[in-house]
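The listed protein sequences derive, respectively, from chains A, B and C. For the first sequence, my numbering gives the first residue as 1, with consecutive numbering after it. For the second sequence, my numbering gives the first residue as 1, with consecutive numbering after it. For the third sequence, my numbering gives the first residue as 1, with consecutive numbering after it.
No lab work stands behind these hints: they were computed from the structure. Owing to the predicted nature of the structure, the values given are computational and were not obtained by experimental measurement. It is possible that part of the hints are untrue.
[Unchecked claim] Taking lysine-lysine pairs in the DSS-like style, the calculated list, with each CA pair at most 27 Å apart, reads:
| id | chain 1 | residue 1 | chain 2 | residue 2 |
| --- | --- | --- | --- | --- |
| 1 | C | K307 | A | K184 |
| 2 | C | K96 | A | K221 |
| 3 | C | K239 | C | K100 |
[Unchecked claim] Over the 10 Å line for every Cβ pair with chain A, so calculated as not near, a few chain C residues:
| id | residue |
| --- | --- |
| 4 | C54 |
| 5 | E71 |
| 6 | T86 |
| 7 | T157 |
| 8 | D183 |
| 9 | G220 |
| 10 | D238 |
| 11 | S306 |
| 12 | Q319 |
| 13 | A337 |
| 14 | M343 |
| 15 | K352 |
All C-beta atoms, glycine included, are put in the ideal place defined by N, C-alpha and C.
Now for the letters of each chain:
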Amino acid sequence: MGLQDTIKDRLSNNGLIKNRLMKSNLINNPLIQKIEWTPINIATAIILFVGFILTIARFFGGLGTVTNLDDNNPWGLWIGFDLLCGVALAAGGYVTSSACYIFGLKRYHSAVRPAILTAFLGYALVVFALNYDVGRPWRLPYPIFYSPGTSSLLFEVGLCVFLYLNVLFIEFTPAALEWLGLKKIRNFVVGLTMLLTIFGVVLSTLHQSSLGALFLLAPSKLHPLWYSGYLPVYFFISSMFAGMSMVIFEGSLAHKYLHHKMDETHLSESDGVVLGFSKAASFVMVGYLGIKLIGLSIDNNWHYLFTSWGLWFLFELIGFVALPAFIYAVAAREKNVKLARAASILGVLGIILNRLNISLVAFNWQLPLEQRYFPSWMEIAISVFVVTVGIVVYRLITAYMPILYEHPDYKHADDSNNKHGHEED
Amino acid sequence: MEHIFYTLQDFMVHTKGITYLIMGGLLVGLPLFWLFLTGRDEKNKTF
Amino acid sequence: MTITRRKFLGWIGGAAAGSATLAGTVAHGASNKEFKGYPNSFGVLHDITKCIGCRKCEQACNEINTMPAPEKPFDDLSILEEERRTTPTAHTVVNKFISKVSNSSNSVEKNNNTNGDTSGNSIALYVKKQCNHCLEPACASACFVKAFKKDKTGAVTYDASLCVGCRYCMVACPFNIPTYEYDEPLTPRVMKCTLCLPRIQEGKLPACVQICPREALIFGERTELIKQARMRIQKHPDKYVDHIYGEHEMGGTSWLYLSPVPFSEIGMREDLGTHSAPELTAGALSAVPIVVGLWPVLLTGVYAISKRKEKIAQEELEQALAAAKDEAEEITAQKLAELKKKMTKEKETAVKTEVKKALDEAAKIAKAAEEAKAKKAAEEEAKKSESAKLTDKDSDQSDNLLSSEEEK
Ligand code: SF4
Ligand code: SF4
Ligand code: SF4
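Use the sequences and the hints to build the structure in full.
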C-alpha cells in the first residue's frame with residue numbers, strides 16, 4: 001500500500017527525517033527502537049504473519065483456495081465487511097470536517113485530524129482489501145482510465161472512492177508536512193481546506209449512497225424488508241451516524257492507549273465532541289428509524305415483520321439503532337461521556353450488522369440453506385489482517401505526526417490566521 | 001447525425017458518460033465562480 | 001436583512017434536498033424514451049414439452065467451447081436427478097422436474113389438482129438452462145468496464161480482456177447464470193453462454209440448437225419466435241400455460257420458453273417483474289449529477305451563513321469590548337480628576353496651615369526672644385520650608401504631605 005511504502009521510505013536513511021526525529025526527541029519511541037512484547041503486540045505479530053501467508057495463498061492459488069465464494073454467492077465477507085462496513089465507518093472524516101468547517105462548529109476542531117486520519121486509513125484499507133477480492137486487481141484502474149462503464153453504480157462507487165481517497169490524502173498531508181517542517185506547502189494545503197471539505201461531502205454523499213444503490217438491480221435476491229427504492233438514502237443517512245459513532249469509539253480507544261499524545265486543547269475539547277456527536281447521532285438515528293418505517297409502509301411490507309426474517313429485521317432496528325439512539329440521548333442529556341462511549345460501540349456494531357445483513361444475510365435469502373454462503377476462516381483472517389494493518393499504521397502515524405495534538409510551530413500561526421479560532425468556545 | 005440507441009443500456013452508457021464529464025466541469029467551475037463572486041469581499045478567512 | 005437572506009438560503013437548501021431525494025425514487029433520464037431492442041435480433045425458443053432430457057445440447061456446447069470433459073459422460077442421465085446450475089465448464093445444463101399433473105387438463109385445473117388430488121400421473125419435464133441473453137442485460141448494466149455488451153444479433157457478449165473480476169455481474173443477473181473461474185489465480189474469467197455468436201456470424205445455428213433431436217430448441221428472429229410461440233399456445237391451449245417466459249421478464253430476453261406447467265414449478269422465477277436492470281438503477285444514477293450540481297451550492301451557502309454569523313458575533317464582541325473599554329477609560333479619568341482635585345485641596349490647606357504655623361511660631365518667638373539673631377534664623381527657616389512646599393506642588397502630593405509631616 002502506498003502509505004506504508006512512503007512511511008518505510010521515510011524511515012529509511014532519510015536525513016531530513018532523522019533530523020526530525022532527533023529534534024522532536026522521538027527517536028526513543030518504543031515502536032522503532034525496540035518492540036515491547038506485550039500481549040497485544042504479540043497478537044499483532046501473529047495476525048500479520050498469518051495474513052502474509054494467506055496473501056500468498058490468495059494470489060498464487062486463486063480466490064477459490066481461500067474463500068467460500070461460489071457462483072451463487074459471488075460477494076462475501078470481503079465486500080460485505082471490508083468494503084461496505086469499511087466505507088461506512090470511515091464516514092467520520094466527512095462528518096467531522098463538514099461540522100467543523102462548513103457548519104462552523106469550531107469546537108470540533110481538535111477532532112478533525114484524527115477523524116481525517118481514520119477516514120484516510122479506512123479508505124486506503126478498503127482499496128487494499130479490494131485487491132484481494134477482485135479477480136485481477138492490477139486492472140482496478142480500468143473502470144476509470146480505460147473503459148468506463150458509466151451505467152454501473154459500481155463505476156460510480158469506484159470513481160468516488162478513488163477521488164475521495166485523493167481528497168483525504170491531501171486533507172491529511174498538513175500533519176505530515178508539519179512533521180517534516182515544510183511550512184510553505186503546508187500553509188498552501190491548509191488554504192484549500194474549505195474546497196476539500198466541500199468536495200469531500202459531495203463525494204461522500206455520492207458513494208455512500210451508491211453503495212446502497214448497488215443492490216437496487218437485484219430486487220429478486222435481496223429480502224424485501226431490506227430491499228427498497230430508498231436503499232441509497234438509507235446508506236447515506238446511516239453513514240452519518242456510523243461516522244459519528246466511529247469518531248466517539250475511536251476517541252475512547254485513543255484516550256485509553258494514546259492519552260500521553262494528546263494536548264490540552266484536544267483533551268479539553270474531547271468531552272464536548274463526544275457529547276455533541278452523541279446528540280447529533282441520536283437525532284439522525286431517530287430520523288433513520290423514521291425513513292425505515294416509511295420504506296416499510298411504501299412497499300407494504302408489514303406482513304414480513306411477522307416472519308422470522310421480520311424478527312431479525314426488528315432485532316437490527318430496535319437493538320442496534322433504537323437502543324443506541326436512546327442511550328446516546330440519555331448520555332447527551334446527562335452529559336455522561338462514558339455512557340456515550342458505550343452507545344458508540346452499539347452504534348458501530350449496528351452498522352456492521354446492517355451492512356452484513358444487506359450483503360450477506362438477507363442476500364440470496366431464497367436459496368436453500370446448503371447453497372448459502374458462510375465465510376471461511378481464511379476470509380475472516382484476511383479481514384482481521386486488514387483491520388490490524390490499519391491499527392498498526394494508525395499507531396505509527398499518531399506516534400510521529402501531530403494528529404492528537406497541535407504542532408507547536410503552527411499553533412500560534414493558526415490562531416492568528418484564525419482570529420476566532422477554536423479557543424473561542 | 002442522430003445516433004439511434006436500440007437499448008436503454010446503450011443509451012445510459014452514452015448519456016451518463018457525458019453527464020459525468022459535465023459533473024467534472026461543475027466541480028471545477030463552481031468553486032472558481034465562488035472565488036469570482038467573493039473576489040472583492042474583505043478577507044475574512046476562517047481556517 | 002440577515003433574516004431574509006438566511007431564509008432564502010434555507011429554501012434553496014430545502015429544494016436541493018427535496019429534489020435529490022425525489023430523483024432517487026423517480027426514474028429520470030430515460031422516462032419518456034422507449035427502447036425496443038435491436039430489430040431482427042435472434043433468439044431461441046425452448047419448448048419444454050418437447051425436451052426429452054438427452055443432454056445432447058450439453059455435449060455439443062461442451063465440444064464447441066472446447067471445455068474439459070466432465071467426470072461423468074454426457075450419456076449418463078443419472079446426473080439429472082439433482083438440480084444443477086451453470087458452472088465455469090458448463091454453459092448450459094438440463095434439469096429434470098417431476099410434475100404431478102396429467103397432460104390433458106389445462107393449467108388452472110392442474111393447480112387445483114396438485115392441491116386436492118395427489119394421485120394424478122406424474123410426468124418428467126426437462127428444462128435447459130443457459131444465459132437468456134436479456135434485451136436489457138443486468139450483467140451489462142452492472143459491469144463497470146463495459147465487458148458485457150448486447151450485440152445486434154441478440155447475443156450478450158463478454159470481453160475477458162476488460163474484466164476486472166469484481167463479480168458484480170453475477171450479483172446482478174436475475175437468472176444466476178454467470179459463473180466465475182475461482183480457481184484461476186491469474187486470469188480468472190466470467191463464463192457464460194455466448195449464443196454461439198461466432199457460429200451465428202458464419203450463418204450457422206448455435207451448436208445446441210443444431211444438435212437437438214426433438215426440435216425442442218428453435219432458432220430464429222425473436223419477433224418470429226414470439227409469433228410462433230403464440231400460435232402453439234393458441235393451437236394447444238391444453239398443452240401449454242398461457243405465458244411465454246422471457247417475453248417480458250426483466251425487460252425481456254432473447255431466449256424464450258414454453259411450458260406445460262407454471263414456470264415456478266420448474267425452477268424458473270415468476271416474481272422477477274418486467275423492469276429491466278437499467279430501469280431499476282436509472283433513478284439512483286440520475287440523482288448523482290443532481291447532487292454534484294446542488295450540493296456545492298447548498299454547502300457553500302451554509303458555509304457562508306455560518307461564516308457570516310461568526311463575523312457578526314465577532315463584530316458584536318468587538319463592539320462590546322470597545323464599549324467596555326471606553327467606559328472603563330472614562331471612569332478612570334473621572335476618578336483621576338477627582339483625586340487630583342482632592343489632592344490639590346488637601347495640599348493647599350496643608351501649605352496654609354504650615355505657613356500659619358510658621359508665622360505663629362515666628363511671632364511667638366519674636367515676642368518671646370529678644371535677640372535679633374535668633375529671630376532672623378527663625379524667619380529664614382519658615383521661608384525655606386514654604387518655598388520647598390511650593391516647588392513640590394506638581395509631584396505626588398500624598399508623599400509630599402507625608403514628607404512634610406515627617407520633616408516637622
Ligand atoms: S441471463 Fe444473466 S448473464 Fe445472461 S444476459 Fe441476462 S443478465 Fe446477463
Ligand atoms: S466481473 Fe468482470 S464482467 Fe463482471 S461486472 Fe466485474 S468487471 Fe464486469
Ligand atoms: S448457444 Fe452455444 S454456448 Fe450457448 S448453450 Fe447453446 S451451445 Fe452452449
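Practice task
Would you check whether the claim that C:G220 is not at the interface survives, using Cβ distances to chain A and the 10 Å cut-off?
Solution key: The claim stands: C:G220 keeps its Cβ more than 10 Å from every Cβ of chain A (closest is about 28 Å).
Problem - Beyond 10 Å from each Cβ of chain A, as asserted for C:T157 - result: The claim holds: C:T157 sits with its nearest Cβ about 14 Å from chain A, beyond 10 Å.
Practice task
For the pair we were handed, C:K96 and A:K221, check the Cα-Cα distance against 27 Å.
Solution key: holds, 24 Å
Exercise for the section: Report holds if the minimum CB distance from C:D183 to chain A is greater than 10 Å, and violated otherwise. Expected result: Given a closest Cβ separation of 4 Å, the condition is violated.
Handout entry: Assertion that C:C54 lies farther than 10 Å from chain A (Cβ)
Key = Holds, because the least Cβ-Cβ distance between C:C54 and chain A comes to about 25 Å, which exceeds 10 Å.
Exercise for the section: Measure nothing beyond the straight line between the CA atoms of C:K307 and A:K184; if it is 27 Å or shorter, mark the hint as holding. Expected result: Answer holds: C:K307 to A:K184 is near 26 Å, not above 27 Å.
Practice task
Verify that the Cβ of C:D238 lies farther than 10 Å from every Cβ atom of chain A, and report whether the claim holds or is violated.
Solution key: Given a closest Cβ separation of 31 Å, the condition holds.
Handout entry: Reported absence of C:A337 from the contact zone with chain A (all CB gaps over 10 Å)
Key = holds, 36 Å
Problem - 10 Å cut-off, C-beta based - C:M343 kept clear of every residue in chain A - result: holds, 43 Å
Practice task
Would you check whether the claim that C:Q319 is not at the interface survives, using Cβ distances to chain A and the 10 Å cut-off?
Solution key: holds, 14 Å
Practice task
Verify the proposed pairing of C:K239 with C:K100, using a straight-line Cα cut of 27 Å.
Solution key: Distance ~15 Å between C:K239 and C:K100 Cα, so the pair holds.
Handout entry: Reported absence of C:E71 from the contact zone with chain A (all CB gaps over 10 Å)
Key = holds, 18 Å
Taken one by one, the earlier hints fail for this structure at numbers 6, 8 and 11, listed in ascending order.
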